[in-house]
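Peer 1: One letter stands for each residue in the lines below.
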Amino acid sequence: MSNQKKLSTMALLLVPIGIAINVVGGQIAVVLKLPVFIDVIGTILVGALAGPLLGGLTGLATNLILGITNPSWIPYAIVNVAIGIAAGYAGKKGWFTTIKGVVFASLLIWAVTQITANPITVWIYGGVTASGTSLITAFLVATGQSLWSAVFTTAIITETVDKVISVIIVFVIIKAIPIRTMLKFPLGNVYVKDSEVASETTGWSE
Amino acid sequence: MKKGFVSSLYPTTKALIIVLGLFLYFFFDWRFAYFFVLPFCAFLALIDGKIVGYLQKVVIALAVFVLFIFLFKVILEQNATPVLLDLGFVKVTEAAILGGLNQTGILIVLVATIILFFETTEMEDLMISLQELKMSHVVSYIVLSTIQLIPDMTKKSKVIMQAQQARGIETQGSVMRRLKAFFPSLGPLIISSIADIEDRSITLEVRGFSSENKKTHLKEIRKGNLDLIVVVVLLVSAAGAIIAKVML
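Chains as they are written, first to last, in the working numbering: chain A, 1 to 206; chain B, 207 to 454.
Because the hints were derived from the structure by calculation, they are not lab data.
Don't be surprised by glycine CBs; every beta carbon is placed ideally from N, CA and C.
Check before you lean on any hint, since a few could be wrong.
[To be verified] Calculated lysine to any residue pairs in the SDA-like style (CA-CA distance at most 20 Å, straight line):
{"#": "1", "chain 1": "A", "residue 1": "K33", "chain 2": "A", "residue 2": "K193"}
{"#": "2", "chain 1": "A", "residue 1": "K184", "chain 2": "B", "residue 2": "S416"}
{"#": "3", "chain 1": "A", "residue 1": "K193", "chain 2": "A", "residue 2": "V102"}
{"#": "4", "chain 1": "A", "residue 1": "K33", "chain 2": "B", "residue 2": "A369"}
{"#": "5", "chain 1": "B", "residue 1": "K386", "chain 2": "A", "residue 2": "A111"}
{"#": "6", "chain 1": "B", "residue 1": "K421", "chain 2": "B", "residue 2": "A369"}
{"#": "7", "chain 1": "B", "residue 1": "K364", "chain 2": "A", "residue 2": "L32"}
{"#": "8", "chain 1": "A", "residue 1": "K33", "chain 2": "B", "residue 2": "Q370"}
{"#": "9", "chain 1": "A", "residue 1": "K93", "chain 2": "A", "residue 2": "D194"}
{"#": "10", "chain 1": "A", "residue 1": "K184", "chain 2": "B", "residue 2": "Q370"}
{"#": "11", "chain 1": "B", "residue 1": "K429", "chain 2": "B", "residue 2": "T219"}
{"#": "12", "chain 1": "A", "residue 1": "K175", "chain 2": "A", "residue 2": "E159"}
{"#": "13", "chain 1": "B", "residue 1": "K364", "chain 2": "A", "residue 2": "K175"}
[Stated by the list, open to error] Stretches of chain B that chain A covers, calculated by requiring three or more beta carbons in the stretch to come under 8 Å of a beta carbon on chain A:
{"#": "14", "stretch": "232 to 246"}
{"#": "15", "stretch": "271 to 284"}
{"#": "16", "stretch": "311 to 317"}
{"#": "17", "stretch": "350 to 358"}
{"#": "18", "stretch": "376 to 389"}
{"#": "19", "stretch": "438 to 450"}
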């Protein structure tokens with residue numbers, strides 16, 4: 001059974017959907033007035049289903065396309081790319097199949113976010129994130145902390161919950177994808193047990 | 207409707223403005239961003255007939271960031287001299303204002319040039335010009351379909367949210383309650399979109415999407431003489447500016 005799964009059309013079509021999910025997820029979070037952004041679900045999902053390359057691409061494209069109307073966010077593209085790559089790595093390792101794996105995936109994605117986002121916040125935006133979290137940062141700086149440590153502390157407080165929730169949501173979504181569709185994605189084999197494959201295929205050869 | 211001067215230029219010509227703006231910024235400072243790039247781009251938007259939309263978008267993109275960045279700098283630079291404004295509980299120092307201007311400079315250049323570019327360029331034309339540069343049609347498809355997909359999905363998400371509310375999902379109240387409403391709002395959308403992928407994939411394949419053969423185009427855009435002139439003028443001006451800066 002030879003499947004050109006590397007850059008199959010199915011995998012590529014995940015990217016626009018991943019981007020749209022990122023955008024809509026962020027919008028819903030605003031409508032529900034949630035204190036978290038949850039705007040990387042699409043990136044993580046594509047990474048988990050299609051690997052680091054497409055995950056990173058989804059991240060990059062999201063920021064670039066959002067950058068058409070609001071270029072201020074473009075510098076954060078690197079963060080989105082890093083998250084996509086991390087999610088792809090976690091996907092390959094099967095971390096989105098078990099609770100323990102979800103914990104690892106959350107940690108990895110969280111760590112990657114901190115490493116990439118905080119320096120950008122400090123260097124390009126002078127510590128500002130254009131949201132309520134900047135008030136926390138300002139408060140910490142006013143109490144004597146350096147800008148770097150204030151930004152990091154703020155991020156740890158606010159980003160942790162955000163990323164954990166996003167990973168959990170992706171975990172649940174993956175469980176809901178029908179097997180026959182899942183098998184067509186590059187990392188589909190990770191999520192489908194061999195016994196399930198046998199019962200799903202009806203003798204057609206790919 | 208006659209196309210404005212800037213709009214009728216080839217996309218890569220206009221992209222040069224973005225590149226040069228960012229490149230030159232590193233030779234100069236905030237004054238370049240505020241007193242040259244921003245007015246210059248606004249002027250180009252004006253002669254193109256797009257000034258209102260342009261200014262609106264620039265303000266929306268920059269307002270919050272610039273304001274916050276200046277506020278931050280003010281808080282950080284309480285002890286420097288000279289003090290420009292003393293409000294008692296907070297001192298606005300010259301160092302803070304300068305710091306704010308320097309920090310926001312690059313953002314100003316980025317936003318002013320990129321918004322000008324997209325106000326005067328249609329995505330279609332941009333994709334065509336990139337394909338001329340041997341970019342894969344796959345990227346064009348991803349970008350164009352995403353741009354069409356996002357408003358589509360936003361509408362669907364509103365419908366789904368209303369449907370879920372009718373089923374009793376609470377979207378107001380405590381944070382936990384609102385958080386629990388997130389997944390029922392987004393989940394069905396994601397699952398149905400993923401299920402759609404298979405149909406889309408077949409549709410694209412049937413139209414020869416992954417064929418390696420050369421593709422023909424329905425729409426073509428060409429570089430004109432004007433483009434050449436503009437490119438030369440831009441490059442010469444940029445080189446001149448750098449030389450002037452280095453010599454003085």
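Peer 1: All hints, please: hold or fail.
Peer 2: Checked hints:
1. K33(A) x K193(A): Judged against 20 Å, a Cα distance of about 39 Å means the pair is violated.
2. K184(A) x S416(B): The hint holds at about 16 Å.
3. K193(A) x V102(A): holds, 18 Å
4. K33(A) x A369(B): holds, 19 Å
5. K386(B) x A111(A): It is violated: about 26 Å lies between the C-alpha atoms, which goes past 20 Å.
6. K421(B) x A369(B): violated, 43 Å
7. K364(B) x L32(A): Roughly 12 Å separates the two Cα atoms, so the pair holds.
8. K33(A) x Q370(B): holds, 17 Å
9. K93(A) x D194(A): holds, 17 Å
10. K184(A) x Q370(B): violated, 30 Å
11. K429(B) x T219(B): OK: K429(B) and T219(B) at ~9 Å, within 20 Å.
12. K175(A) x E159(A): Not OK: K175(A) and E159(A) at ~25 Å, beyond 20 Å, violated.
13. K364(B) x K175(A): violated, 24 Å
14. 232 to 246: violated (count 0)
15. 271 to 284: holds (count 8)
16. 311 to 317: holds (count 4)
17. 350 to 358: holds (count 6)
18. 376 to 389: holds (count 7)
19. 438 to 450: With 0 residues in contact (Cβ-Cβ under 8 Å with chain A), the coverage given for the stretch 438 to 450 of chain B is violated.
Against the hints set out earlier in the document, violations occur for numbers 1, 5, 6, 10, 12, 13, 14 and 19.
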